[in-house]
Amino acid sequence: MTFLDRTTDARRFRQWEGNMEADYIYTSGVAGERFFVALRDGGKMLASRCVACNLDYLPPRLFCEDCFAELSEFVDVPPEGRVAAVTMAHLDRRGTPLSRPQVWALVTFEGIRGGLVHRLLVPPAKARVGLAVRAKLKARGDRVGAVTDIEGFEPVRS
Amino acid sequence: MRKVGVIGAGMTLFRRRLQETGKEMCFEATKMALDSAGLTRADIDMVVNGTAPDAFDGVHMKGEYLLDGCGGYRKPYTRVFTGGGTGVFSSIAGWWHVASGLADAVLVVNEEKMSSCQPHPQSVFAHIWDPILDRPLRPNLIWIFAMEMNRYMHVHGVKKEDIARVAVKNKRNAVGHPCAQLADPNITVDDVLNSEVMAWPVQRLDISPPSDGASAIVLASEDFIRRRKIKDRAWMSGVGWCIDSTMWTDRDLYFPEYVARAAQTAYKRAKISDPRRQIDFAEPYDPFDYKELHHLEGLLLARKGEAPILTREGVTERDGDLPVCPSGGLMGVGNPIAATMGQKIGELFWQLTNQAGKRQIPHEVHTGVAQAWGDLMQYGSVVVMSS
Ligand SMILES: [Zn+2]
Numbered sequence: 051m052t053f054l055d056r057t058t059d060a061r062r063f064r065q066w067e068g069n070m071e072a073d074y075i076y077t078s079g080v081a082g083e084r085f086f087v088a089l090r091d092g093g094k095m096l097a098s099r100c101v102a103c104n105l106d107y108l109p110p111r112l113f114c115e116d117c118f119a120e121l122s123e124f125v126d127v128p129p130e131g132r133v134a135a136v137t138m139a140h141l142d143r144r145g146t147p148l149s150r151p152q153v154w155a156l157v158t159f160e161g162i163r164g165g166l167v168h169r170l171l172v173p174p175a176k177a178r179v180g181l182a183v184r185a186k187l188k189a190r191g192d193r194v195g196a197v198t199d200i201e202g203f204e205p206v207r208s
Numbered sequence: 036m037r038k039v040g041v042i043g044a045g046m047t048l049f050r051r052r053l054q055e056t057g058k059e060m061c062f063e064a065t066k067m068a069l070d071s072a073g074l075t076r077a078d079i080d081m082v083v084n085g086t087a088p089d090a091f092d093g094v095h096m097k098g099e100y101l102l103d104g105c106g107g108y109r110k111p112y113t114r115v116f117t118g119g120g121t122g123v124f125s126s127i128a129g130w131w132h133v134a135s136g137l138a139d140a141v142l143v144v145n146e147e148k149m150s151s152c153q154p155h156p157q158s159v160f161a162h163i164w165d166p167i168l169d170r171p172l173r174p175n176l177i178w179i180f181a182m183e184m185n186r187y188m189h190v191h192g193v194k195k196e197d198i199a200r201v202a203v204k205n206k207r208n209a210v211g212h213p214c215a216q217l218a219d220p221n222i223t224v225d226d227v228l229n230s231e232v233m234a235w236p237v238q239r240l241d242i243s244p245p246s247d248g249a250s251a252i253v254l255a256s257e258d259f260i261r262r263r264k265i266k267d268r269a270w271m272s273g274v275g276w277c278i279d280s281t282m283w284t285d286r287d288l289y290f291p292e293y294v295a296r297a298a299q300t301a302y303k304r305a306k307i308s309d310p311r312r313q314i315d316f317a318e319p320y321d322p323f324d325y326k327e328l329h330h331l332e333g334l335l336l337a338r339k340g341e342a343p344i345l346t347r348e349g350v351t352e353r354d355g356d357l358p359v360c361p362s363g364g365l366m367g368v369g370n371p372i373a374a375t376m377g378q379k380i381g382e383l384f385w386q387l388t389n390q391a392g393k394r395q396i397p398h399e400v401h402t403g404v405a406q407a408w409g410d411l412m413q414y415g416s417v418v419v420m421s422s
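Protein chains in written order, with this note's numbering: chain A, 51 to 208; chain B, 36 to 422.
These aren't lab readings, by the way, just hints derived from the structure by calculation.
Treat the hints with caution; some may be incorrect.
Claimed, not checked - Incomplete in silico selection of chain A near chain B, CB under 10 Å: (1) M70; (2) Y74; (3) Y76; (4) V80; (5) A81; (6) R111; (7) F113.
Computed from a prediction, not measured in an experiment: that's the story for all the values here.
Where a beta carbon is used, it is the ideal one built from N, C-alpha and C, also for glycine.
Here chain A stands alone, though its shape is the one from the complex (with noise of 0.2 Å):
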């Protein structure tokens, strides 16, 4: 091996710039296409149901991971949920500091299984486990069927 030290300038030595470009669009499926078109339309979310092992799945699949049946059947998930658990972002992904630390949780809701991770609309200090939280939407005319549909969760009583 030729270089031992760290290289911080790599351009110091004899190299070639590569790119790996590749941009998508994906399709939300048959139960996310119900999942999203809710959300948009009647600013509710879906979870899709499964008689047999009586459980309802957030977000909804087509199909029951455990008994492989086929899953037709759509519910309104409750209001209101808990958060499970919350993390304090203070980086962002290229490792710079954030002005103001983001609060992010996975929030769970009663006899659903599965949840949602999102932004917890609370100050760091106020973030904890079990808080009562419901889901914040755009208004109507800003939905376009996403996730971010959902401005985040806001604690149900302040």
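Got chain A; can you put chain B with the ligand on it based on the hints?
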């Protein structure tokens, strides 16, 4: 080693773009395969997933992403990957799960969702070239195939008309396939010869375009098959795989040595000493029409340079002496890379159990061979199956 049988198969439609997510496509194919075997997910001991580069679907670690659709939830689950060779290789991985005695019943599920990649999967294929020697020249992947096709034509004096006959045969064979994307009952050799030149000698209709799709098979041990009284089964009697030099410049472009070595391993295991006489039909990998010919020679089913002659003489037609790609192959059914297991292993199962419907070979067949090709164009996987 224990005897291993294929007892069920399923595949989705192959289309340029499907609404279903990769997971949902996997679920559909897996459910079909389980239903056809008369089993449920609870009967399955282990699951193998086969899928090509993450860059196609645009999901890193896509084997893990797809696992619920593959029936892998809370089971021993492994993704295997040998590029295009995955189309047959994943079934070999399934085979060793059962042959070794580790599992009695195994699902093998293959998927590709190439429509995610924009504007065309070609943009990520470009990254398989050497980053220092080749990529600064901005090559297109088709250049490799074009040079290989050119070399094959040059060495044996093969005419383009004889290569185009493969595209015509396979697109016509695919008319009877319920999943087919590229079936055409009226296509002619002239249509192929008059199609757009992409990288000479490769023209638009010499190549199978990218696609979305999934396929699945169920494998089981002889004991399991007997115990469950399963009637529709085809035995995997031989498997082989082999990889050639990492440098495509170092290979004999006119002859796929890696396929020949993989085939010899599979034939030895299947006790086949004279493949041309003992094998009744073949499903070689045909993402390009010339590759069917190339691979037939690699599979030792034709002498070097003889495959175009057999094709011209009708030997490889569905009702010929050696039907080749009776499924319609990749040229006719479509090419969602790993999911082409449906036309290869799936077709062998359906033909050997008399379930191929309109595609059924009209005479009796007992032994077939399937093959896929991939990695950096130097990899062959071969499976022999018998009734
Ligand atoms: Zn269930």
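Hints, verified against the model:
1. M70: 5 Å, holds
2. Y74: Holds - the Cβ of A:Y74 comes within 10 Å of chain B, reaching about 4 Å at its closest.
3. Y76: 6 Å, holds
4. V80: Status holds, d = 6 Å.
5. A81: 7 Å, holds
6. R111: 7 Å, holds
7. F113: 4 Å, holds
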